[in-house]
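One-letter residues, chain by chain:
Number of protein chains: 2
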Amino acid sequence: MTEILEKQREILAVEGLGALIAASPENVGYSVGFMIPSQVIPIRKRQFYSIVTPDKEALIVVNVEYKEALANSAIRDVREYNEFTEDPVDLVVEALKEFNVTDNRVGVELDFIPARSIDRLRTTLPKTEIIDAERIFDRMRMIKTPAEIETIREIARIVDQTHAEVYRNARPGITEMDIALMFIEGVLKRGASGMKNLVVGSGERSVFANCPPTNRVLRHGDVMRVDVFAHLNGYLSDIARTSVVGSPSKEQHQIWAKLCKAESLVFAMIKPGVTTAELWRGFLDYFTKAELNPAINFLGHSIGLTLHEEPFIDRYNNYVVEEGMVLVIEPVFATGAEQYHLEDFVLVTKDGCEILSDGRGQLPVII
Amino acid sequence: MTEILEKQREILAVEGLGALIAASPENVGYSVGFMIPSQVIPIRKRQFYSIVTPDKEALIVVNVEYKEALANSAIRDVREYNEFTEDPVDLVVEALKEFNVTDNRVGVELDFIPARSIDRLRTTLPKTEIIDAERIFDRMRMIKTPAEIETIREIARIVDQTHAEVYRNARPGITEMDIALMFIEGVLKRGASGMKNLVVGSGERSVFANCPPTNRVLRHGDVMRVDVFAHLNGYLSDIARTSVVGSPSKEQHQIWAKLCKAESLVFAMIKPGVTTAELWRGFLDYFTKAELNPAINFLGHSIGLTLHEEPFIDRYNNYVVEEGMVLVIEPVFATGAEQYHLEDFVLVTKDGCEILSDGRGQLPVII
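Protein chains in written order, with my numbering: chain H, 1 to 367; chain E, 1 to 367.
Simulated from the structure, these hints should not be mistaken for lab results.
Be aware that one or more of the hints could be misleading.
Cβ-Cβ distance ranges computed for the label pairs, FRET-style [unchecked claim]: (1) E:Asn215 to H:Glu278: 38 to 46 Å; (2) H:Pro54 to E:Asn215: 32 to 40 Å; (3) H:His220 to E:Ala71: 17 to 25 Å; (4) E:Lys289 to H:Arg9: 50 to 58 Å; (5) E:Ile143 to H:Glu322: 52 to 60 Å.
As a list, the in silico DSS-like pairs of lysine-lysine whose alpha-carbon atoms are at most 27 Å apart [as the list claims (entries may be wrong)]: (6) E:Lys271 to E:Lys7; (7) E:Lys45 to H:Lys7; (8) E:Lys45 to H:Lys45; (9) H:Lys45 to E:Lys7.
In this text, a Cβ means the ideal position worked out from N, Cα and C, and glycines have one as well.
So that you can see chain H by itself, here it is in the shape it has in the complex (with noise of 0.2 Å):
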């Protein structure tokens, strides 16, 4: 964790700033080494503030969660506050003023920290500069440190071992709940910490981006995608395959084969120097040549304490793929009433790339 205060020391040098103040659960999760209960529940109103100076740093946390954040918190100077009656941002204030910051400029989470707080800091601090610090944040977590692609490696492994453990068990008959259950379960026992949330969608559900699972009963020629969002330590999945429930026609084994291909085409490519925007070309040129058409304007993102981390590779943004990045790797492809995914993690390494889960293969059958 101090390697990530380290990271936040450099950019204050790079960047100028007399201080980096983090507000979202990932961001202040990242500098203090663990996702904060409330923060994660969320019960939202509680605001919880991290703050770094070139040699101070500290946590403001509300009171009913100061012994979990001193148990738990990389940053050891915790500071509470009444969530009745006072207002976090008064302790940001006086921590600033007592790190001697309040002349410089700030970095702080323009697109997280809410409109009446940051009212009241642009009211109370006004010689203090603030700028938006979202894509200091982006950038930081773009390059993930040692123990978090430990972290990322580990529920990559979980997660897929967990797909090909449910399809082996499941049989139609059963409903998406029943799915959602072995999924949990298949997680928590390899050692996940919990369920996030898990995409289960089946038949005509399975057009839906992101559908809880409901008590749809799987029933012969069902499509189902099940999208998995587990964690460990905070750390998420987002790894997805598509089953068939009966006897797959012909039609659905080749959209699957085609998935599978579109994914080793991306996997070759993957390494040091490639640009997002060469991925999502070399993703479409294949896509075209096989007849499908994406279903959704992006490829694939990173991943780490959120969902949807940078780098995208879409049709809009262009990164250049660093070692030290973890690419999810996510072909989509929709036909009017049914919906194909497949969803891998990779690590970009000096040279290539490491497959953290691969779901390439036979096309998922429940029988």
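Start from chain H and add chain E according to the hints.
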């Protein structure tokens, strides 16, 4: 759902507003009648807005969730944006112009809308008077509709029954994570939509307010605190029990009996017209007489699409209790090393309250 749009229109008239704009998961969900998956996961950089004017309404969603929104939203005018190329605030502005309310006062959730978005809204619509809608939404959600009450009654029943089942079936030697899995299975098989979060703190971990389950093994003599945040269509439970592994001491039985008595005393006071300050005072008088100190600075709160809703029952606020409120009563007592927690739901009726979950009785024992 029409009922909730009607409630918003009544408030527009009372407050003299041209529009109410919701942005948070709970208030957008409340307006449209379902929780938007990206807000639940959350993919927090995707923004969603509901806009209600005296005669129009619109919902703004990211394009990948347009299909889900169309299939589920009570607001039928659904408008989509591309998250990579468009700012959803611009769609809000466009709708406000189209609805002819830009010269009016407009209510926006200033406790949620991010700094950058409010800056854009203020700059683009300099003539629009933006007021803080936090209290408007909070107050609106205090009195539950009949449909909400039905859902809350059901999730309370599901969780209450699951608590009872788990302590009967649990055995010393299993882990907190095993307990978690028993709860997840228990609530799903009884019809819950999902387990949002789960607090399992045994032994020395019982003192942490919101700790997730770990692989800690339950040992003879442990106190275990479990608080269950399951949900039915987004409506949450927050129902806690404390159990003892092995043979509880006489003192532990006494502490539990006092928590039950505290709850009973408060239940007996609840009826329309009583104030939350009176409830807090009644609770505190009894706790003092019983030689217990409250471990947290509140006795309870309401609940719904978020975990902590108004009215709060504590030493700082004061509200008049009304028919149709759901109150969550949670006496908590901590020794230095252990924490005891009992938490149940009641619905305020015409002349008293209906108990929706009931943990009073014998101290749960795991043997």
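So, going through the hints one by one against the coordinates:
Between Asn215 of chain E and Glu278 of chain H the CB atoms are about 43 Å apart, so this pair conforms to the stated range of 38 to 46 Å. Checked against the given bound of 32 to 40 Å, the beta carbons of Pro54 of chain H and Asn215 of chain E, roughly 39 Å apart, stay inside it. Restraint check, His220 of chain H to Ala71 of chain E: a C-beta distance of roughly 24 Å satisfies the suggested window 17 to 25 Å. Checked against the hint of 50 to 58 Å, the C-beta distance between Lys289 of chain E and Arg9 of chain H comes to roughly 54 Å, which is consistent with it.
Between Ile143 of chain E and Glu322 of chain H the C-beta distance comes to about 54 Å, which sits within the given range of 52 to 60 Å. Only pairs whose Cα atoms come within 27 Å are accepted, and Lys271 of chain E paired with Lys7 of chain E is accepted, the gap being roughly 24 Å. At most 27 Å may separate the alpha-carbon atoms for a hinted pair to count; Lys45 of chain E and Lys7 of chain H meet this at roughly 23 Å. As the CA atoms of Lys45 of chain E and Lys45 of chain H are separated by approximately 18 Å, the hinted pair is consistent with the 27 Å bound.
The hinted pair formed by Lys45 of chain H and Lys7 of chain E meets the criterion: a straight-line CA distance of about 23 Å does not exceed 27 Å.
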